[in-house]
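Top to bottom, those sequences are chains A and B.
One point on numbering: in our numbering, the residue at position 108 of the first sequence is 108, and numbering is uninterrupted.
Whatever position you read off the second sequence (first residue = 1), add 327 for our numbering.
Please note that the accuracy of each hint is not assured.
Result set (DMTMM-like, lysine to aspartate or glutamate): computed pairs, CA atoms no more than 25 angstroms apart in a straight line [stated by the list, open to error]:
1) K198/A / D595/B
2) K198/A / E391/B
3) K198/A / D591/B
4) K527/B / D262/A
5) K172/A / D241/A
6) K527/B / D275/A
7) K172/A / D595/B
8) K198/A / E601/B
9) K198/A / D542/B
10) K502/B / D478/B
None of these hints come from the bench; they were simulated from the model.
The chain contents come next:
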Amino acid sequence: MTVLLEVRGLKKHFPVRGGLLHRAEAQLKAVDGVSFKLEAGQTLGLVGESGCGKSTLGRALLRLHEPTSGEVYLNGVDIAGLDGAALLEQRRNMQMIFQDPFASLSPRRTIGQTLLEPLEVHDIGTPAERQAIVAELLDVVGLRTAVLNRYPHEFSGGQRQRIGIARALTLKPQFIVADEPVSALDVSVQSQVLNLIKDLQEERGIAFLFISHDLAVVQHLSDVVAVMYLGKIVEMASAADLYRNPRHPYTQALLSAIPVPDPQSGSNRVILGGDVPSPVNPPAGCPFHPRCPQATEACSRVAPTAVNTGTESAPHVVHCLLFSDSK
Amino acid sequence: MTALLEVKDLCVEFNTDRGRLRAVDNVSFSVSPGEILGLVGESGCGKTVTGLSILGLVPQPPGEVVNGQILFEGTDLLQLPPKAMQAKRGSDISMIFQEPMTALNPVFTVGAQMTEVLRLHKGLTRTQARNAAIEMLGTVGIPSPERRINDYPHEMSGGMRQRVMIAMALSCGPKLLIADEPTTALDVTTQAQVLEQIVKLQRQFEMAVILITHDLGVVAETCDRALVMYCGEVVESATVDDLFAAPAHPYTSGLMNSIPRLRDQALDRLPVIEGMVPDLLNMPGGCRFADRCQGVQSNCSQDRIALVDAPAAAPRSVRCLYPHMASAGGQS
Numbered sequence: 001m002t003v004l005l006e007v008r009g010l011k012k013h014f015p016v017r018g019g020l021l022h023r024a025e026a027q028l029k030a031v032d033g034v035s036f037k038l039e040a041g042q043t044l045g046l047v048g049e050s051g052c053g054k055s056t057l058g059r060a061l062l063r064l065h066e067p068t069s070g071e072v073y074l075n076g077v078d079i080a081g082l083d084g085a086a087l088l089e090q091r092r093n094m095q096m097i098f099q100d101p102f103a104s105l106s107p108r109r110t111i112g113q114t115l116l117e118p119l120e121v122h123d124i125g126t127p128a129e130r131q132a133i134v135a136e137l138l139d140v141v142g143l144r145t146a147v148l149n150r151y152p153h154e155f156s157g158g159q160r161q162r163i164g165i166a167r168a169l170t171l172k173p174q175f176i177v178a179d180e181p182v183s184a185l186d187v188s189v190q191s192q193v194l195n196l197i198k199d200l201q202e203e204r205g206i207a208f209l210f211i212s213h214d215l216a217v218v219q220h221l222s223d224v225v226a227v228m229y230l231g232k233i234v235e236m237a238s239a240a241d242l243y244r245n246p247r248h249p250y251t252q253a254l255l256s257a258i259p260v261p262d263p264q265s266g267s268n269r270v271i272l273g274g275d276v277p278s279p280v281n282p283p284a285g286c287p288f289h290p291r292c293p294q295a296t297e298a299c300s301r302v303a304p305t306a307v308n309t310g311t312e313s314a315p316h317v318v319h320c321l322l323f324s325d326s327k
Numbered sequence: 328m329t330a331l332l333e334v335k336d337l338c339v340e341f342n343t344d345r346g347r348l349r350a351v352d353n354v355s356f357s358v359s360p361g362e363i364l365g366l367v368g369e370s371g372c373g374k375t376v377t378g379l380s381i382l383g384l385v386p387q388p389p390g391e392v393v394n395g396q397i398l399f400e401g402t403d404l405l406q407l408p409p410k411a412m413q414a415k416r417g418s419d420i421s422m423i424f425q426e427p428m429t430a431l432n433p434v435f436t437v438g439a440q441m442t443e444v445l446r447l448h449k450g451l452t453r454t455q456a457r458n459a460a461i462e463m464l465g466t467v468g469i470p471s472p473e474r475r476i477n478d479y480p481h482e483m484s485g486g487m488r489q490r491v492m493i494a495m496a497l498s499c500g501p502k503l504l505i506a507d508e509p510t511t512a513l514d515v516t517t518q519a520q521v522l523e524q525i526v527k528l529q530r531q532f533e534m535a536v537i538l539i540t541h542d543l544g545v546v547a548e549t550c551d552r553a554l555v556m557y558c559g560e561v562v563e564s565a566t567v568d569d570l571f572a573a574p575a576h577p578y579t580s581g582l583m584n585s586i587p588r589l590r591d592q593a594l595d596r597l598p599v600i601e602g603m604v605p606d607l608l609n610m611p612g613g614c615r616f617a618d619r620c621q622g623v624q625s626n627c628s629q630d631r632i633a634l635v636d637a638p639a640a641a642p643r644s645v646r647c648l649y650p651h652m653a654s655a656g657g658q659s
């Protein structure tokens with residue numbers, strides 16, 4: 001397998017401004033040192049609660065946010081250092097599907113205009129060829145070509161999300177960041193869109209970063225799953241391994257918090273106390289220790305480092321002091 | 328068992344730019360004291376409007392309750408004069424909403440908003456109301472309530488704001504709490520906290536709860552009984568145990584199958600309900616689920632389907648000509 005994307009020590013900090021002179025008084029560490037690799041055609045599920053930095057990470061990978069520091073290699077090219085024409089060239093390979101199908105399509109453009117624009121920007125094909133590409137894409141996402149002259153408001157949420165997916169596919173990218181693509185949709189429509197994404201993975205070999213707060217949705221689509229908390233990845237493993245054998249106490253709590261649609265299942269739920277701390281002023285040591293049911297005194301002092309509790313070929317990386325002694 | 332609340336043949340219509348639509352169509356159900364009833368369905372199915380009509384909060388115009396009765400302890404709430412309804416709202420029946428940030432007033436402290444309810448309905452003095460509010464905030468699990476009572480809503484997290492809403496809704500000891508998607512805007516770990524809190528308080532205060540949600544997982548974990556709604560109609564009503572053991576309406580089973588849930592083995596494809604919800608302005612004549620239903624028969628689209636009691640199981644009714652009836656051999 002070839003590594004398509006490699007992220008090293010990526011950070012994105014936002015200045016928190018205040019006071020009379022509007023100076024940066026503090027840094028909000030939305031993404032605070034994230035590293036991972038993604039192989040071609042694989043899907044990385046990125047899970048976490050609101051404010052954990054998962055969307056910021058997705059956007060920083062595509063340079064929709066300027067990373068504060070760190071490197072992002074796509075096909076061996078460091079995207080974080082590119083600009084101008086070189087960046088535009090790389091953007092063909094990486095696209096995004098947004099969460100809100102209502103806000104992410106321009107209400108004043110027809111679907112045809114929206115879908116043709118990327119082809120025009122990158123100067124691909126003749127006008128007739130562009131029309132053919134768009135028609136084929138609509139077919140792929142299950143819409144009729146008659147929609148080309150219509151406007152976004154004429155469509156339901158599920159249909160708009162299909163249009164958003166078609167737009168992301170126009171340039172035949174190798175890598176797509178899908179940021180909560182189904183969380184604005186009703187359950188019965190959600191599964192239709194998830195199946196569509198699954199087909200695209202298989203038929204087109206696209207690598208996805210699939211961002212979601214819903215562990216069940218992520219399980220359905222991902223090869224590898226990473227769990228994020230306060231700007232850091234706390235656990236990362238193959239999907240099968242992570243769900244069967246969650247190691248980090250936060251992952252365990254997150255899994256147990258999902259309501260199970262079966263009244264007979266006696267839930268042994270880990271209810272976390274308190275709230276997620278502010279990323280402006282994260283706790284010292286392990287960021288999860290104030291809420292962790294298994295925290296020890298050391299957790300408030302020592303920041304955990306990555307520990308591979310799996311094997312070389314099937315890594316299961318945990319950032320938790322509970323596992324660092326055993327190595 | 329006498330019902331605390333009885334809704335009979337409720338119909339609510341709305342005037343829209345494109346015409347008049349019926350958001351709630353002949354909905355009937357009852358809630359017993361101390362019961363948690365789930366009202367489940369997807370967006371636009373009429374579950375929220377049903378909840379709002381109980382409190383007389385349907386915006387009129389454009390909305391209008393065109394038919395039906397809502398009997399609360401025998402009194403028809405739809406016939407009450409506005410003043411009398413106002414006295415019930417917030418004291419006997421109260422409601423919590425989906426988005427706690429928009430439901431709370433951003434320019435008043437939590438304390439000011441909580442004491443207003445108590446002074447209005449219970450006639451407490453300023454100090455008494457403040458003490459009662461602090462106690463209530465403590466009950467719903469807000470740490471150091473005597474300090475947090477001076478916070479403005481924006482100073483609190485989403486989970487905390489929803490707790491404040493719950494504290495406010497419960498402060499006058501209602502007999503019925505209507506919770507409209509109370510955890511939808513919250514993260515899973517916070518959702519688990521808030522749901523646990525609602526169930527605990529429901530037992531402590533012995534009140535009835537109508538929990539409106541799109542999440543069958545939430546229903547399975549918290550409710551005693553559930554109504555499944557589709558396109559303004561109740562399509563199935565059963566105890567939660569029966570409903571999940573054997574969903575009788577094809578929509579209920581479709582909805583249950585299509586939830587992405589944690590599985591031991593990831594599925595290759597998720598089961599789906601094909602198609603889309605029909606336009607409320609242009610409802611099909613017969614069964615409203617007919618064109619998405621896998622077991623559709625030729626006579627499904629002819630006449631309106633009635634909600635009938637299932638022959639075997641006692642408190643269960645289904646709006647389907649060919650319901651899946653749990654039998655040893657499975658459905659036909």
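Numbers of unmet hints, in rising order: 2, 5, 10
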